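For reference, the chains in residue letters:
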Amino acid sequence: MSGPTGVAGALAEGAAAPVAASGAIQSGAWLLIALPLLSAAVLLLGGRRADRWGHLLGAAVPVVLFVYTVLLFASLHGLDGGQRSRDLHMFSWIPVGGFQVDAGLLLDPLSVTFALLITGVGGLIHIYAIGYMAQDAGRRRFFGYFNLFIAAMLLLVLGNSFLSLYVGWEGVGLASYLLIAFWFDRPAAATAAKKAFVVNRVGDAGLSLAIMIMFATLGRVDYVGVFSGAGGLSQGTLLALTLLLLLGACGKSGQFPLQTWLPDAMEGPTPVSALIHAATMVTAGVYLIARSSPIFNLSEDGRTAVAVVGAITLLLGCVIGCAYDDIKKVLAYSTVSQIGYMFLAVGLGPGVYAIGILHLLAHGFFKAGMFLGAGSVMHAMDDEVNMRRFGGLWRVMPVTWATFGVGYLAIIGCPPFSGFFSKDKIIEAAYDKGGTSGAILGTCALLGAGITAFYMTRLFVMTFHGKRRWADGAHPHESPPVMTAPMVLLAVGSAAAGGLMVLGGSLQHWLTPAVGESIEVGAHTISPVVLTLLTLLVVIGGVAGGFVAFGLRPVPVTAPVAVSPVTTAARHDLYFNAINESVLMRPGQWLTRMLVFLDARGVDGVVNGMAALFGGGSGRLRRLQTGFVRSYALSMLGGAVVLLAALLAVRFT
Amino acid sequence: MIILIMGLIPLIGSIVVGALPASRTLLAKQITLGASIATLGVAIGMGVAFEANSTDRFQFTASTEWIRSFGASFALGVDGIALVLIALVAVLVPAVVIASWHEQAPGRRSPKVFFALLLLLEVMLIGVFAATDVLLFYVFFEAMLVPMYFLIGSFGGPRRQYAAVKFFLYSLLGGLLMLAAVIGLYVSAGKGTFAFEPLIGAVTDPGTQKLLFLGFFIAFAIKAPLVPFHTWLPDAGAEAPIGGAALLVGVLDKVGTFGFIRYCLPLFPDASRYFAPMVLVLSVVGILYAALLAMGQQDMKRLVAYTSIAHFGFIGLGIFAFTTQGMSGAVFYMVNHGLSTGALFLVVGVLIARGGSRMVADYGGVAKVAPMLGGVFLLAGLSSLALPGMSTFISEFLVLVGTFTRHKAYAAVATVGIVFAALYILLLVQRTMQGPVIEKVKAFKDLTGREAWAVAPLLALVIFLGIYPKPVLDVITPAVQRTMQDAHQSDPAPTVGVTAEQKAGNR
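As they're listed, the protein sequences go chains L and X.
Quick note on our numbering: the first sequence kicks off at 4 and runs consecutively.
Quick note on our numbering: the second sequence kicks off at 76 and runs consecutively.
Please keep in mind that the hints were generated in silico from the structure rather than gathered at the bench.
Given the structure is predicted, the values throughout are model-derived calculations rather than measurements.
Treat the hints with caution; some may be incorrect.
Unchecked claim - Beta-carbon label-pair distances, calculated as ranges:
#	chain 1	residue 1	chain 2	residue 2	range
1	L	601	X	127	23 to 29 Å
2	L	495	X	360	47 to 53 Å
3	L	37	X	129	34 to 40 Å
4	X	76	L	34	55 to 61 Å
5	X	517	L	137	37 to 43 Å
6	L	94	X	428	37 to 43 Å
7	X	517	L	495	44 to 50 Å
To be verified - In silico negatives: residues of chain L with every beta carbon more than 12 Å from chain X:
#	residue
8	29
9	45
10	78
11	81
12	84
13	95
14	144
15	405
16	539
17	561
18	592
Stated by the list, open to error - A partial selection of chain L residues facing chain X, derived with a Cβ cut-off under 10 Å:
#	residue
19	99
20	138
21	141
22	166
23	170
24	196
25	197
26	602
Glycine is no exception: its CB is placed at the ideal position from the N, C-alpha and C atoms.
Chain L with its partners taken away, still in its complex shape (with noise of 0.2 Å):
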């Protein structure tokens, strides 16, 4: 392994940490949170003045920070590996006593990847946006919170600490809650933001301990204090700290047990699913897990406890995205079951990282498509959601069908489009891990391949292919240029960025300074090209399976009735909301009823009482009228100067 550098490196060999950050370029960078937080304070408070331009300034915010971005990179790839990490000193923030957290930016392959993701497909999604909200009042407002998140999104991946990257992690928590609730007149809507805020907390709840621990044993909350020092701790200490690392990272991210939320966050306008809940937030959490991979390095434990979530996940949701016939909530839990896949990779350890982030990366560009393809058909059908309502839509929105087509290629892995590449090498890279938990994992994530072809093609030919089963009055339309040019751009994207990164392996010489050297060649388990060719084989039964069941018999309007046990659970979620109601949330609201009755009858009841032994009588206390209280006050100061009086006695005696 040659020499790695930068923040992880700092861990392995004290070598260079980040150097300062040098350049007009990157020390203006902090440009990156600012410019969209004063954008979304000026589209918030502008008021109605400001509803004529609104959206063009929020538009054009991610658009120069994508230009800005690229030339940040172009800053950072033009130097040495070992040159690529950069730090940029803001201002001390937090100085008390040894506690010492300064704000400040990590510029380095691993942010300047998602910064590029973030800015990149956030403005497509927002230029998209202009469309799509063309015809909403709140549009302004819709901007304003838009910019809030890609401030705060960029401040999680840019920040120098883990302090800072909390800071954003809540941000964007925010912004999501915002938007989720944008159309908080409808109950479910602002249901789901609180249920998606809440269940985030408790995520955060663990990233904020994990972070106390870091102060507690090392002194620093900094990435380069903490990574520098980790190799200190001891066994228990890394496990819990990854542990809680997980927690946080599985809230963010949607993942086993604290999945629940994600689906019921599609009560949000579209552009927000394909950004927010698809993209770039949700994968949050494989950012945090690949940042602190200098901590996951060191214990063996932490690793598995995040391939096992992954793999969990990526079956979970991928068993439920069979049963949904509404076609956001079916992506909804794709992207679950492919952030289960993230996790599954960087969970691999060391060398895998780079892998979880290409797909990352790939589902970025497909799944924020096919999220704008949803969109664009959900508004040229009347905000249906319903795929038994769709059908043959491909003839009257050859755009949409087009570019959905490529995402869906994409997810499903079709060489030589993007998911292709990344899929194809988690599953390589878990079984390579050899031994049970290898061949489980690799089968987890081998069969995931195939369930997840069979449901992508059941959402694929519902929506575009078949019969028409539209309600009466739909006259769908292919959706204006300034919708359709976006996903054009990202079918480009889902089409050629696998390709293009796994390249010679760029995009892992390019992180290696980030999350360590990739792992080339070990002892594969199973030969690569056997595994690829099984990987193709699994999944075209999956397409099959889907063609045969959904395209060559007729899809009922009504979903069927009488279906196994497994889809009627699928359907249910699996039972995870209504074992949280169970377990959760009705013990809660009893617990509360009861302790609101002991609190006015025990604990008030109590006191009223002891006052009623002095004052005789508990009636008597709450018809005492002004005069009483001037007697007590009387009394009372009588008690004072006799006790003055005492002091006197005392003082002269």
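Fit chain X to the known structure of chain L by using the hints.
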């Protein structure tokens, strides 16, 4: 000198307003607002002139002989902790005056009395934080009850009499215990003075320390209040007029937590250590218990009062964890909680003024009709649940991280409180601001300019201090470190630490 001026401005204002004929209501309001803003100006001047790293314990001192035979003097001065709390008073009072502009007494009292009482309360609050003589502190501690009692009892809601009496009795009980302890302190220290500095470390007998500690502690725990001394607060907070409630929960209650730091810890260090586990348990129980109760409230003002009891749990935790981070966090928490809960009470007051009801169930979909009101309500709520980016987050995290370095289990349990906080705030937001617009709400006016001016500065400050808390923390921390020394406490070192060698590799 400057500290005397600061107290005299609202005092003279109060007298003038009180002496005005009842018909000159507008003039009374204008004088009140002018006096409170002038006081704020003086506070800003003090903040600028204050030297955080001065070797003097107190700055801006002013002292004159008061009761010679006891060695009691009228001595004033501030350290960093008192300074930020006085600044909080000075910021909140103008906001409350603006918010209460149309305050009407339910009975026969003239509105001018309300404003005279507000200014009088401000005088007492400045005095209680600035007193550097224990007896003088006690006098202010008791005297501040009087204006608050009349604010609740004369200008409050339907059950104002009950609430005011309850508030008074609880406070007097605590005050009496404290008076006994003050005298006991004087006698057992045997220094012949009530001045604060000579009394540090003067009581050495462990048994006496414990008794005196309890006398002070119970008085402060009632005032703060900590569970189980809390039941007066929801009644008082709910029945008080909105401005009174904001000052009661925002500042007056802080006198209790301020007292822990100023008096309990330095004067009775051994007893503080002895009783710390009990206080930590009460604090953690309070965080969870009050949060659950907040979720179950139907009355918005009671709800805010219960959230505050949960917040006071965090403050108690931070103080009795005996770490610089925990205690600085606790002091910063007091400031932030004052701003945040002050804002929340004022916004709730705006809502109540529109709807004529304190009940959550009487509202729904307000944000649709009145988007600015909805936005400000949400912001105030987010500050209460300690959203990062706001100052409340910094203080809450400092309390937790400071506690964690010494007491992992307490900190871990308290962290559950951040999930509960999200629930009680967002449930309130959902039930009042979101959902379908109910019939009664349709005619609601959005925030007026006056209402915005009352609340916006508080929220702006919360956001500014969330991004750049350093100016305030730099003032608080040296005073906290001195308190830690007085209490014979030092921070636990990182258990592993980053070695010098590793550090060198990174620089």
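Here is what the structure says about each hint:
1. L:601 to X:127: 23 to 29 Å: For residue 601 of chain L and residue 127 of chain X the Cβ distance comes to about 46 Å; the hint is violated.
2. L:495 to X:360: 47 to 53 Å: The hinted range 47 to 53 Å is violated for residue 495 of chain L and residue 360 of chain X, with Cβ atoms some 59 Å apart.
3. L:37 to X:129: 34 to 40 Å: Taking Cβ atoms as reference, residue 37 of chain L and residue 129 of chain X lie about 35 Å apart, which means the hint holds.
4. X:76 to L:34: 55 to 61 Å: violated, 46 Å
5. X:517 to L:137: 37 to 43 Å: violated, 27 Å
6. L:94 to X:428: 37 to 43 Å: With a Cβ separation near 41 Å, residue 94 of chain L and residue 428 of chain X satisfy 37 to 43 Å, so the hint holds.
7. X:517 to L:495: 44 to 50 Å: holds, 49 Å
8. 29: Given a closest Cβ separation of 19 Å, the condition holds.
9. 45: holds, 15 Å
10. 78: holds, 23 Å
11. 81: Residue 81 of chain L is indeed farther than 12 Å from all Cβ atoms of chain X, at 24 Å.
12. 84: Holds, because the least Cβ-Cβ distance between residue 84 of chain L and chain X comes to about 18 Å, which exceeds 12 Å.
13. 95: violated, 6 Å
14. 144: Non-interface label on residue 144 of chain L violated, nearest chain X Cβ at 8 Å vs cutoff 12 Å.
15. 405: Check passes; 39 Å lies beyond 12 Å.
16. 539: holds, 45 Å
17. 561: Consistent with the label, residue 561 of chain L stays out of reach of chain X, its closest Cβ about 28 Å off (over 12 Å).
18. 592: violated, 8 Å
19. 99: Holds, about 5 Å.
20. 138: Result: violated, 17 Å to nearest chain X Cβ.
21. 141: holds, 9 Å
22. 166: holds, 8 Å
23. 170: holds, 4 Å
24. 196: holds, 8 Å
25. 197: Holds - the Cβ of residue 197 of chain L comes within 10 Å of chain X, reaching about 4 Å at its closest.
26. 602: With Cβ-Cβ at 6 Å, under 10 Å, it holds.
Hint compliance for this structure: hints 1, 2, 4, 5, 13, 14, 18 and 20 are not met, and every other hint is.
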